[in-house]
Amino acid sequence: MKNTLEISPKDMINAFLLFFVITTCQTGVGIQGFQRLIYADAKHDAWISVILAGLSSHIIVFFMIKTLELYGSNDLYGIHQDLFGKHLGNLLNFIYILYCSVAFFLILENYIEVISTWVFPRLNPKFISISLLLLVIYTFLGGLRVIVGVSFFSFLLGLWLLPVLIFPLKFSNIEYLLPILDTDIISILKGAQSMTFTIIGFEIINIIYPFVKEKDKVKRHVHLGLLVTSFIYLTVMLITLTYFSGEQLAKTIWATLSLFSIIRLPFIERIEFITICFWLIIILPNLCFYLWAAYRGSIRLFNVSSKKFVWIFSTIIFIFSLFVQTRIQINTYTTYLSKVAFILVFIYPVVLYILALMKKKFSGKYGEKNE
Amino acid sequence: MFRKKHKKQTFVLNTLIEDNKEPKVTSGKIFSSSKSDFIEAIKHKTHSPSDLIVKTISPTITVVYVDNIVDNQSLNKLIIHSLNQINNESPEIIKDILSIAEVDITVDIDKSVLAMLNGNVLIHVEGYSRIVVAKISSYEARSLTTPENESQVIGSQVGFNEDISTSISLVRKYILNPDLCIEKFTLGAQTNTTLSLLYIKNIAAEEKVNTLRQRIESINIDALLDSAVLAELIDDNSLTIFPQMLLTERPDRFCDGLLNGKLGIIVNGSSMAILCPYAFVEFFQSREDQNLRWFLATFIRILRFSAVFLSVYLTPIYVASLTFHYEVIPQPLLVPLSESRALVPFPPILEALILEFFIELLREAGARLPTKVGQTIGIVGGIVIGTAAVQAGITSNILIIIIALSALASFTTPSYMMGNVIRVLRFPIIIIAGIWGYYGIMLAFCLILVHLLRQSSLGSPYSAPFYPPRMIDWRDSIARLPMPLISNRPKDTRTKNQDKFKTEPVKPEKLDKLKVNE
Chain A
1 MKNTLEISPK DMINAFLLFF VITTCQTGVG IQGFQRLIYA DAKHDAWISV ILAGLSSHII
61 VFFMIKTLEL YGSNDLYGIH QDLFGKHLGN LLNFIYILYC SVAFFLILEN YIEVISTWVF
121 PRLNPKFISI SLLLLVIYTF LGGLRVIVGV SFFSFLLGLW LLPVLIFPLK FSNIEYLLPI
181 LDTDIISILK GAQSMTFTII GFEIINIIYP FVKEKDKVKR HVHLGLLVTS FIYLTVMLIT
241 LTYFSGEQLA KTIWATLSLF SIIRLPFIER IEFITICFWL IIILPNLCFY LWAAYRGSIR
301 LFNVSSKKFV WIFSTIIFIF SLFVQTRIQI NTYTTYLSKV AFILVFIYPV VLYILALMKK
361 KFSGKYGEKN E
Chain B
1 MFRKKHKKQT FVLNTLIEDN KEPKVTSGKI FSSSKSDFIE AIKHKTHSPS DLIVKTISPT
61 ITVVYVDNIV DNQSLNKLII HSLNQINNES PEIIKDILSI AEVDITVDID KSVLAMLNGN
121 VLIHVEGYSR IVVAKISSYE ARSLTTPENE SQVIGSQVGF NEDISTSISL VRKYILNPDL
181 CIEKFTLGAQ TNTTLSLLYI KNIAAEEKVN TLRQRIESIN IDALLDSAVL AELIDDNSLT
241 IFPQMLLTER PDRFCDGLLN GKLGIIVNGS SMAILCPYAF VEFFQSREDQ NLRWFLATFI
301 RILRFSAVFL SVYLTPIYVA SLTFHYEVIP QPLLVPLSES RALVPFPPIL EALILEFFIE
361 LLREAGARLP TKVGQTIGIV GGIVIGTAAV QAGITSNILI IIIALSALAS FTTPSYMMGN
421 VIRVLRFPII IIAGIWGYYG IMLAFCLILV HLLRQSSLGS PYSAPFYPPR MIDWRDSIAR
481 LPMPLISNRP KDTRTKNQDK FKTEPVKPEK LDKLKVNE
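If you're matching them up, the sequences are chains A and B in order.
When we follow our numbering, the leftmost residue of the first sequence carries the number 1, and every step to the right adds one.
When we follow our numbering, the leftmost residue of the second sequence carries the number 1, and every step to the right adds one.
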C-alpha cells in the first residue's frame, strides 16, 4: 500500500530494543496494586486470569503486527487515514491521541497518589507533578533514541526488585491457592478483563513499528517481551495469593508494595520507601512513550514542533491534575480508562485487521501493480 | 564568513598605510632585492624588538634572526661558517650548501617573519628578492617527568611535556607505524599556536577524522594557550557539566586510545593531549587495567565504579534518611546515629553542606598551596578541623566518616576532569535530597541518566557501550575480561579494522611441535 513513513536511519532503533520497550511500557503503576481488582472477580484463581490476560495479549499483538505488516512501514495513524479516509481517519486518530493522553495523565496521578500516601503525606502533589513533567519533557526532547535508552536502563536497573520479592515467600502458604478452578470460568474471564489497565502498554508497537530497523525480527522480540511481562505478573500474583489471605487481599490497595514493606535487612528496613521512589524510573518510560505516541498522532493533525507540543501537552496535563483531589476520583477514572482500553487495545485491533485485509483484497489489483 | 572578509579588508588597509608612510619599503608582500629595504621591512613588521639580530656576513649576504630562540652552536657552525666561505651566490645555491635539514626559499614577508619568530634564520642576498629560511630553533623545554596528575603503579612512568615535538616523538616511539597520520594546524590570531591531529589510518574512522578536522578549522579564536580550551571549543555540547573529551598527560593512554580508533590532538605549549570520541564509562578506566591480570583489573574497575556511586549518593542518602525516612534505618543503627546527632544544632542538609564545603576548601587549598605547605594543610584540615568540629558539636561523627569516604572515593577516578565533575555533582543532589528525600535523589538520578543519554562525543553516543547496547563491548567496560575475549576494538569508534589481535591461543605443546618440525 502506498503511504509509508520515511524515517531516516539515524532515528531508527534495533529490533531487539523492542523487548525492553514492550516490557517497560507494560510494567508501570498497575503492578503496584493489580491483585485486589482481579481477586475481586476471580478469587484465589486470579493467577489463571493473569495467564489468560497474558495469552490474549499475545494474540492481540499477533493481529497488530499482521496489520502493520500489510502496510510495510506505517503507524496506526497512517493506517487510519488510509482505511477510513481523511475525516473519519483523523477522528479515530484524535480518539487514540486522547486515549494516550488520558493514560499518561492517569499513570502520573496514580504514581503521585502512591507517593503521597506512602512516602510524603504532607507534600503538595503539585510539586511532584511539576518535577515529573519537567523530567518527562527533558527526556522527550532528546528524541526517540533517548526514550528507548531510558526504557532500556529502566529494565536493567529495575531487575533487582524481583529477587527482593523472594523474602515474603517465607510466610507464604500454598494452600491458599487450593482448590484450583474453584471459581467459575466467567469470573475468571472477568478477572482477566480487570487486568487491562495493568497489562496495556504493548499497543506502542502500533506507533513505533516504522522506526524499527529489522522489521522481520519485530515479532520475536515483541512476543518475548510480552512473555517476560506475563511471567513477572504471574510471579507477583502467585506470591501475593499465597502470602495474603482472601480477606486481607480484598482490603489491600497496593498489595505489591505491602509485600515489600515486610522485608527486613540488617542495614535497611521498610524497603518500600526505596522501591516507591525507585518506581520513578519504572514509570518514566511509560510516560514518555504515551507522550511520544500522542505526539506522533498530533503532527498528523496539526502542524506543531515537538518543543511546542510537549509544553502545551504538559501544561494541559498539569491543569487537569489540579482538579483531581481524591483517591476515589482517580480510581473512577482508571476504571473508565480500563474499559476504553479494553475496547481500543483488545478488540479494535482485530476489527482493524479484518478491515485492512478486506481493503487489500478489494484493491488487490492496484496493490499487485504497485509491487 | 563575515569575520574573515572583514579581516582581509583591514589587512589591505594596513599595507596601504605602510606604503604611504614608507614608500621605500616593498610593495605588498614581496621582498625587495635591496639589502637596506629588506632589513627595513623586517624591522617594520616586528617593530624592531631588542632581540632581533641583523648580521652582515659579507657585503652582499645578511643574516637576520631572533636571539634566544635559535641554537647558537648550529648558527655559528652551520650557517655563519659556511656563508663565510662563499661570495655572492644565488639563494638556491646557498640552500644547497647549508647542511641543515629544514631549509626553504620564500618571497613572502609575513610567512618569513612568522618563521623567524619560530626559530628560523633569514638569509638575504643582495640583488635577489628570494630569501633563504633555515630552521635552527632551540626552545627551552621541561625534561620528561612522571605524569603527576595521572600516576599509575604498574606501567610506564613518562608523561608528555609542553613541547609539541617532544610529545609527538613520544607517540612515535610507542607507535612505529607508517599509518600514523599527523596533521598540523595553526590556531589563534595572536598566538599562532601549532597543534597536531593524530590518528592511525585504517583504524580511525574516516568520517570522524573529517568532522574533527572541520571543527578545528572552523575555530576563529584569538589565543590558544592550552588544550583544555581547545577541547571545550570543539566538543559537541558545551553546556553540559561532563567532559566529552579526555585530557591526558600519559603517552601510553594516548596511544592506547589511538590504537582503539580514537583521534588525538596535541597542542604546543600544553602538557595535556586530547583524545576523542570518549564515552562516559571510559573516563573511569585506567591504562593500568590492561597491565594487571584480568581478575584484578575487573575487581579494581568495579571498586572504582562503586566509588563513584558512593561519592555522588552517600551524603544525599544520609541527608534524606535523617530528614525524612528514619524508618528505613534499623533500630540498632538508629541509636548511635541519633546519639551522635543529639548535640548538633543544624538540620542534616545544612550540616552536610557545611562539611562538604570544608572538604572542598581543603582540596582547593591543597591544590593551590606550595607542595611543602600542602602537607601541613592536610593535617590541619583533616585532623584538627575534623575533631574540633565534632567536639564543638557542629557535626556528627558519622557524617565526618561519610564525607571523608565520599571525598576519598571521588579521587579514584583516573581522569582529574571527571573526578571534579563527580565531586561537584554531589552538591545539587544533597540539596534536592534535603527537600524531597529519596524521591529527590531518584529524580536527580533519572535526570543524570537522561542527560548522559542525550550527550554525544564527536557524534558517538556518550553512554556507549551500554546504550546503544553493544554487548560485545561490555566485555571491556565495567569488567575487563581475559585478553583472548577482548580481541576486538570497541565498536563505537566505527573502526574499519576490528581485530586487535588473533585469538588463537598458543599452547606450549604446539610450540614444541613447531620446533621439532624445524
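Honestly, the hints are just simulated from the structure, not real lab data.
All values reported here derive from a predicted model rather than from experimental measurement.
Hints may contain errors.
Here are the simulated DSSO-like cross-link-like pairs (lysine-lysine), alpha carbons at most 30 angstroms apart as the crow flies [what the hints assert, rightly or not]:
#1 A/K10 - B/K201
#2 A/K10 - B/K500
#3 B/K55 - B/K77
#4 A/K219 - B/K491
#5 B/K500 - B/K173
#6 A/K251 - A/K66
#7 A/K215 - B/K491
#8 A/K307 - A/K126
#9 B/K135 - A/K215
#10 A/K361 - A/K307
#11 A/K213 - A/K10
#12 B/K496 - A/K217
#13 A/K10 - B/K496
#14 B/K491 - A/K217
#15 A/K359 - A/K86
#16 A/K213 - B/K491
#17 B/K95 - B/K135
#18 A/K219 - A/K43
#19 A/K360 - A/K213
#20 B/K55 - A/K10
#21 B/K77 - B/K43
#22 B/K111 - B/K135
#23 B/K496 - A/K213
#24 A/K43 - A/K190
#25 A/K86 - A/K251
#26 A/K308 - A/K66
#27 A/K43 - A/K217
Are any of the numbered hints broken by this structure? If so, which, sorted upward?
6, 9, 10, 18, 20, 25, 26 and 27
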